[in-house]
Amino acid sequence: MKKHIKQTLSIFLVTGLTLMMSACARVSPDRLSCELLPVEGSPMVSFRILLDVGSVNDPPGKEGLCQLTLSMIASGGSKSLTYKEIQKKFYPMAAYVGLSVDKEMSVFTGIIHIDNLEKYYTIFKEMLLDPGFREDDFTRIKTNQLNFLERTLVSNMDEQFGKEILNLMMYEGHPYGHNEAGTVESLQKLTLDDIRAFYKEHFLQGNITIGLAGGYPSDFPGKVMDDFAALPEGHIPQLSLPEQRTPSGLEFIIADKGTPATAISMGFPIPISKADDDYFALWMAVAHFGEHRQHLSHLFQKIREERGQNYGDYAYADHFIQGRDKFPAQNYCRQQQYFSIWIRPLTNTNRHFVIRQALRELKKLVEEGIPEERFELTRTYLLNYTRLYAQTLGERLGWQMDSKYYGYKSFLDEAQKRLPRITHQDVNRAIKKYLNYENVYIAVITQDAESLKEALANNSPSPITYANPNMPEHILEEDKVIEVFPLDVKPEKVRTAPATDFFQKAGVPEK
Amino acid sequence: MKRFISAVLTVLLLLCIPSILHSSKIFPYDFKIEVLENGLKVVSIPLDNPNIISHYVIVRSGSRNEIEPGKSGFAHFFEHMMFKGTKTMPREDYDDFLTKLGAGTNGYTTDDYTCYFVVFAGKENLEEVIKTEADRFINLYYDEEMLKTEAPVIEGEYYASVSNPGRRLFETLRDAAFEKHSYKHTTLGYLRDILDMPNQFEYSQLYKKRFYAPDNIILLVAGDFGHDQLMEYVRKYYSGWEKSNYTLVTPEEPPQTRAKRAHYDWPSRTLPRLVIGFHGPAYSDEKIDKAALDLLAETSFSRSSPLYQKLVIDEQKCVFLNASFADRRNPYLLVFSATLRDEKDLSYVEDEIFKELERLKKERVSEELLADIKSNLKYSFASALETTDGIAGSLAQFINLTTDPGTVNRLFDLFEKVTPEDIQEMCKKYFIRTNSTVVTLSGGNAK
Chain A
26 MKKHIKQTLS
36 IFLVTGLTLM
46 MSACARVSPD
56 RLSCELLPVE
66 GSPMVSFRIL
76 LDVGSVNDPP
86 GKEGLCQLTL
96 SMIASGGSKS
106 LTYKEIQKKF
116 YPMAAYVGLS
126 VDKEMSVFTG
136 IIHIDNLEKY
146 YTIFKEMLLD
156 PGFREDDFTR
166 IKTNQLNFLE
176 RTLVSNMDEQ
186 FGKEILNLMM
196 YEGHPYGHNE
206 AGTVESLQKL
216 TLDDIRAFYK
226 EHFLQGNITI
236 GLAGGYPSDF
246 PGKVMDDFAA
256 LPEGHIPQLS
266 LPEQRTPSGL
276 EFIIADKGTP
286 ATAISMGFPI
296 PISKADDDYF
306 ALWMAVAHFG
316 EHRQHLSHLF
326 QKIREERGQN
336 YGDYAYADHF
346 IQGRDKFPAQ
356 NYCRQQQYFS
366 IWIRPLTNTN
376 RHFVIRQALR
386 ELKKLVEEGI
396 PEERFELTRT
406 YLLNYTRLYA
416 QTLGERLGWQ
426 MDSKYYGYKS
436 FLDEAQKRLP
446 RITHQDVNRA
456 IKKYLNYENV
466 YIAVITQDAE
476 SLKEALANNS
486 PSPITYANPN
496 MPEHILEEDK
506 VIEVFPLDVK
516 PEKVRTAPAT
526 DFFQKAGVPE
536 K
Chain B
1011 MKRFISAVLT
1021 VLLLLCIPSI
1031 LHSSKIFPYD
1041 FKIEVLENGL
1051 KVVSIPLDNP
1061 NIISHYVIVR
1071 SGSRNEIEPG
1081 KSGFAHFFEH
1091 MMFKGTKTMP
1101 REDYDDFLTK
1111 LGAGTNGYTT
1121 DDYTCYFVVF
1131 AGKENLEEVI
1141 KTEADRFINL
1151 YYDEEMLKTE
1161 APVIEGEYYA
1171 SVSNPGRRLF
1181 ETLRDAAFEK
1191 HSYKHTTLGY
1201 LRDILDMPNQ
1211 FEYSQLYKKR
1221 FYAPDNIILL
1231 VAGDFGHDQL
1241 MEYVRKYYSG
1251 WEKSNYTLVT
1261 PEEPPQTRAK
1271 RAHYDWPSRT
1281 LPRLVIGFHG
1291 PAYSDEKIDK
1301 AALDLLAETS
1311 FSRSSPLYQK
1321 LVIDEQKCVF
1331 LNASFADRRN
1341 PYLLVFSATL
1351 RDEKDLSYVE
1361 DEIFKELERL
1371 KKERVSEELL
1381 ADIKSNLKYS
1391 FASALETTDG
1401 IAGSLAQFIN
1411 LTTDPGTVNR
1421 LFDLFEKVTP
1431 EDIQEMCKKY
1441 FIRTNSTVVT
1451 LSGGNAK
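Here the protein sequences line up with chains A and B, keeping their order. Counting from 26, one number per residue, gives the positions in the first sequence under the working numbering. Counting from 1011, one number per residue, gives the positions in the second sequence under the working numbering.
To be clear, the hints were calculated from the coordinates, so they are not data collected in a lab. Be a bit skeptical, because a hint or two may be false.
FRET-style restraints, in silico, Cβ to Cβ [unchecked claim]:
no. : chain 1 : residue 1 : chain 2 : residue 2 : range
1   : B       : K1297     : A       : Q213      : 45 to 55 Å
2   : A       : K458      : B       : M1241     : 51 to 61 Å
3   : B       : I1077     : A       : E463      : 49 to 59 Å
4   : B       : L1258     : A       : P396      : 41 to 51 Å
5   : B       : T1098     : A       : E398      : 19 to 29 Å
6   : A       : E331      : B       : L1258     : 30 to 40 Å
7   : A       : K389      : B       : E1325     : 21 to 31 Å
8   : B       : D1361     : A       : Q213      : 28 to 38 Å
9   : A       : L124      : B       : E1435     : 53 to 63 Å
10  : A       : Q213      : B       : E1325     : 18 to 28 Å
Only a predicted model underlies this, so the values are computations on that prediction, with no experimental measurement involved. Ideal Cβ positions, reconstructed from N, Cα and C, are used throughout, including at glycine.
Using the sequences provided together with the hints, build the complete structure.
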């Protein structure tokens, strides 16, 4: 009987889902589309309103405009309600409107108990479709964005700061090449009229996907689609991006600030993304080399576990933002991707050693590939770990949307099918094809940048110091090799600048 | 097909989430509690979910237990050592076990407890997880060299942490506000103690003996399994573990008799910050004090409160304002925090917070506002229960406080009983100038 109920339920769900999905397909590039994940009986409803708009759409000289405009919607008033009134109404429902802005994609999010769906949606809809764009909201939100760039990012978030410098290096002169928040110079010039114009130009039906998941009534998606159909038809075509610039040798930028710990990020653009067949093999290689916050990470084992240098060391096969727990967040899809290594803060005295160590490990990966037993271990890991990726309504909906972007029905299901078919040779081939250790962008935040520059350019030996006087012999032996591991660093490829000079203007600060 | 079954099961999980607001219990799931002879308490929450299990080990020892001089930060350091494996399963094998399992796993340390979790798919893995975790907790093995290698990791973590001025501000507040109680230091501890950790091998053994014992630990498992099956595994692998019988006596904090003040000069440009801490009550699901104060924090300092609207939205003096009255086993601090735009407004914002507290002593909050707060708390708690991990994670801190998951329902029942008069009384009782510590942080002139 129980089996029969399950089967009936399954048929009902699949049929319902199929009908819903077909009703949702974009009928023209100028019209809305939607992604639905109905879960009958769920007391929650998750919203994801996805925009094919991001910081690449910032006009030159107006960097930060996209984020400021969308923040005016998520954290400002609507035409009929001030932000203060919205907060008062949201509060008893424990409701909010979330926002994330990336290079080519932005998303408004919300989750609400079914008890409050109507009340919430009425306000949510007004915020997005009839934003208030008031002067006082503008002043508040613009100042927050400026403060983030000027005082928070460079002063209080060294790890993120390092990643942002890496972005500046990889994408100099490229539409990805500025922080989503813009620059101090560009933000200061933005006006409320810029916001209104950006909204008018980009809030077009064809740029929007309505995402809904959970226990909403069956007529709810139609109602939302009708409401959003009030937006003008049309779309901004996906930007045709210039070719990514490969680093020429080891290119460094060292941000100088008074800090007891050094933060390091390194990487380079790669020509593939989740949409490519080779991605699955490269993903396995990079999971072995530096899986995010997992003991599987080879870099973590070498730098932290064996040597106790820092809290963790990881690598990524594409742009990674941490979502719930340590899982990847969704709706950060990009046409162009990059490989990166994240070395968490370590004492300044061992910075040169660890840069050498990370590059030496990368060289070994490229030249030797991954060992057979690690190949099997990594595959088993990914097959199991990815089963935990999509647990909440928001995560499931987000993955559904990302899957569509990369051309899959379900990327996570695809991984379950493809990973078992990947061979050890596939992985090592992908490593050789896409990774290298000679041409790498390296961002460092540290004290006394000039002394590091000199040490790098001179290839000075960089012995490591330990609190433990009795380190195992095999570690000390390897250390002797690492401390003189030659890095081909040309002095002209090492730029230094005070930390406070970053994000003032577009691009990398000139000394 | 397997995927499809999984999707259907996911749906079934969501189907079984009841409408929280129409239920008499805020925590809607049935749970079972059993205690082994050696004192190990087991809380199980079987759920009809998509084959995912959250396994939490709650050690009722945190930085509160660091009562001896020079040992601050030790609970957190020991958490790191707990990942070093055993003689039968060395660290590398333990790592490989978790890796093959594809588990979401980690540990974290708080003031009152340390928690280790493994979230994994596949109930067929439950026995191996119980067996492996039991082995780790009972037979943990590391030598002095391993400890010396791990110690500098904490130093790196400390530097990463204090690059955030908010962390530095709280470190300064706690140090200034407490005289005797071990809440004086943060979970990371003082830097001087962190630098001495490589020399603490012997103490680490003593620490394990005292606190990593079944009578100080609660095992919480939520997800797709049967209770009887779980208990069979737990008895099989945990019964041989011996009790510690150690009783911790935390120093009693003397009443604060004078207002305190401190300032931290941040070395680079940052937004100025302010915290005001008052000594408050410990967590309780019986006495009204803490529950009333929790509601006060929301009525008067949340996003919808008049003071927030004034300072953050209208005047735009602050970018952030909130009140955080954390639940702790012993009396802790009631903390008001503000991040400002301009250093010159620090004393203005401080005055506004004190003025608001004085006003609350004279004027009662409205019944309508109180109802909104109670509604917010319920919906907030409900939205955290979307996953097995959300359920186990939300419950872990409550289980630590009283060892009983039923405390959540009792707490929300207590919230329902709180009246505007109760809030007013608590304001008068706790928000006294001589009971306050103000800490400011600013900097920014240095390039």
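> If you check the beta carbons of L1258 (chain B) and P396 (chain A), does the distance land in 41 to 51 Å?
Replying inline: Distance hint for L1258 (chain B), P396 (chain A) holds at roughly 47 Å.
>> Against the range 18 to 28 Å, how does the distance between the Cβ atoms of Q213 (chain A) and E1325 (chain B) compare: consistent or not?
In response: Once the Cβ atoms are compared, 22 Å apart, the range 18 to 28 Å for E1325 (chain B) and Q213 (chain A) holds.
> Does 45 to 55 Å hold as the CB distance between K1297 (chain B) and Q213 (chain A), or does it fail?
Replying inline: Since K1297 (chain B) and Q213 (chain A) have Cβ atoms about 53 Å apart, the given range 45 to 55 Å holds.
> Is it true that the C-beta distance of D1361 (chain B) to Q213 (chain A) lies inside 28 to 38 Å, as the hint says?
Replying inline: holds, 31 Å
>> 53 to 63 Å was suggested as the range; check whether the CB atoms of L124 (chain A) and E1435 (chain B) agree with it.
In response: The hinted range 53 to 63 Å is violated for L124 (chain A) and E1435 (chain B), with Cβ atoms some 41 Å apart.
> Between K389 (chain A) and E1325 (chain B), does the C-beta distance stay in 21 to 31 Å?
Replying inline: violated, 58 Å
>> Given the hint of 51 to 61 Å, is the C-beta distance from K458 (chain A) to M1241 (chain B) inside that range or not?
In response: holds, 52 Å
> So the hint says 49 to 59 Å: do the beta-carbon atoms of I1077 (chain B) and E463 (chain A) match that?
Replying inline: Holds, since I1077 (chain B) and E463 (chain A) (Cβ atoms, about 54 Å apart) stay within the stated range.
>> Within 19 to 29 Å: is that where the Cβ-Cβ distance between T1098 (chain B) and E398 (chain A) falls?
In response: For E398 (chain A) against T1098 (chain B), whose Cβ atoms are near 20 Å apart, the range 19 to 29 Å holds.
>> Taking the Cβ atom of E331 (chain A) and the Cβ atom of L1258 (chain B), is their distance within the range 30 to 40 Å?
In response: The hinted range 30 to 40 Å holds for E331 (chain A) and L1258 (chain B), with Cβ atoms some 35 Å apart.
In this structure, the hints that do not hold are numbers 7, 9, in rising order.
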